[in-house]
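S.K.: To convert, count from 1 in the sequence shown and add 370; that's this note's numbering.
I should point out that these hints are in silico values taken from the structure, not numbers from a laboratory.
Do not take every clue at face value.
[To be verified] What follows is a list of derived Cβ distance ranges for each label pair:
id, residue 1, residue 2, range
1, F386, V406, 38 to 46 angstroms
2, K385, N431, 26 to 34 angstroms
3, I442, V392, 26 to 34 angstroms
4, G444, S421, 32 to 40 angstroms
5, T395, V437, 29 to 37 angstroms
6, S421, E391, 19 to 27 angstroms
7, V384, T418, 38 to 46 angstroms
8, G439, V384, 29 to 37 angstroms
9, D415, S450, 39 to 47 angstroms
10, I448, Q388, 43 to 51 angstroms
All of these numbers come straight from a predicted model, not from anything done at the bench.
Every residue, glycine too, gets a C-beta built ideally from N, C-alpha and C.
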Amino acid sequence: MSIFDLSMPLALVVKFDQLVEVLVTTIIFVVIGLVVFAIAFFALDKLTPFSIRKEIEEDHNTALAIVIGSLILGIALIVSAAISG
371 MSIFDLSMPL
381 ALVVKFDQLV
391 EVLVTTIIFV
401 VIGLVVFAIA
411 FFALDKLTPF
421 SIRKEIEEDH
431 NTALAIVIGS
441 LILGIALIVS
451 AAISG
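Turn these sequences into a full structure, and let the hints guide you.
M.R.: Right, dumping it as structure tokens:
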């Protein structure tokens with residue numbers, strides 16, 4: 371069976387009568403994920419003894435930017451795993 375076979379049912383299609391429920395659930399999970407992500411980022415910002423924004427923008431600290439980016443990705447993975455179950 372080819373991936374271009376149009377008779378194959380699509381697994382990601384939502385029936386129209388379930389669309390509102392799926393959209394509301396998705397929006398709720400997005401809001402919860404963004405709130406948890408924002409709390410984690412602000413906690414990280416407050417726990418560091420220096421200004422992250424100043425170090426990255428003014429001092430061009432690339433190593434710190436890589437570490438902060440890695441922490442952001444780690445937090446995002448944890449939040450997405452918690453939401454998906």
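S.K.: Could you run down the list of hints and mark each one as holding or not?
M.R.: Do the hints match the structure? See the list:
{"no.": "1", "hint": "F386 with V406: 38 to 46 angstroms", "result": "violated (31 angstroms)"}
{"no.": "2", "hint": "K385 with N431: 26 to 34 angstroms", "result": "violated (51 angstroms)"}
{"no.": "3", "hint": "I442 with V392: 26 to 34 angstroms", "result": "holds (27 angstroms)"}
{"no.": "4", "hint": "G444 with S421: 32 to 40 angstroms", "result": "violated (22 angstroms)"}
{"no.": "5", "hint": "T395 with V437: 29 to 37 angstroms", "result": "holds (34 angstroms)"}
{"no.": "6", "hint": "S421 with E391: 19 to 27 angstroms", "result": "violated (44 angstroms)"}
{"no.": "7", "hint": "V384 with T418: 38 to 46 angstroms", "result": "holds (43 angstroms)"}
{"no.": "8", "hint": "G439 with V384: 29 to 37 angstroms", "result": "holds (33 angstroms)"}
{"no.": "9", "hint": "D415 with S450: 39 to 47 angstroms", "result": "violated (21 angstroms)"}
{"no.": "10", "hint": "I448 with Q388: 43 to 51 angstroms", "result": "violated (29 angstroms)"}
Checked against the numbered hints listed earlier, the structure breaks hints 1, 2, 4, 6, 9, 10; every other hint is satisfied.
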